[in-house]
Structure formats: structure tokens, C-alpha cells
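Sequential numbering of the sequence shown, starting at 1, is according to the numbering used here.
Careful, some of the hints might be misleading.
Pairwise CB distance ranges, derived in the manner of DEER restraints [what the hints assert, rightly or not]:
id, residue 1, residue 2, range
1, Lys-20, Gln-76, 26 to 34 Å
2, Leu-68, Ala-8, 31 to 39 Å
3, Leu-43, Val-18, 16 to 24 Å
These are computed hints drawn from the structure, not numbers from a lab. Since the model is a prediction, treat every value here as computed from it, not as a measurement. Where is the CB? At the ideal position from N, CA and C, for every residue including glycine.
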Amino acid sequence: MDMCLLVAKGIIDFPSSVFKLTGFIDVYWIVQDGGLCLLMAYLLKQHKVWRGCKLRIIAIAQENDNNLKMQTELQQYVY
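Based on the sequences and whatever the hints tell you, model everything.
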């Protein structure tokens, strides 16, 4: 399908650059997306507003997916 979705949860107004947020940036990683969601989260975290947040990656898998292969692919993007 070649699509990516970014949802800003719990933000009424987009924070101005005087604020420094803490908490988590949750990334729901789907193996076939080519790492686009991970890249977007990484780029967002480079901004001073989001720098204090931690990335939390949730991998989406199906029962018949190869867990070791998924782990290897994720490590290619993260490390």
C-alpha cells in the first residue's frame, strides 16, 4: 500500500519551540514499511522540543512471521 501515518496523540496545539517535552514517541513499526516511520520519529527527535523524549518501538507482527528475521531487520535501522 506504500503509506505512512503520523498521529500526534494528546497534543491540543503543536508545541512551540520554547517548550521542551518529555515522555515517549511511540513508533508502531511494520516490517514492510521500509523504516519510514522510524526515520520520521528520528527526525522529529532531532528538534529541541522533542529531544527529551525517548523512542519506544512497538513491532507489529503476524503469527507466521519470523521473529529472528524481524529482530535483525529492526537492528539494521536502530543501530
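Each hint, compared with the structure:
no.: 1; hint: Lys-20 - Gln-76: 26 to 34 Å; result: holds (31 Å)
no.: 2; hint: Leu-68 - Ala-8: 31 to 39 Å; result: holds (33 Å)
no.: 3; hint: Leu-43 - Val-18: 16 to 24 Å; result: holds (20 Å)
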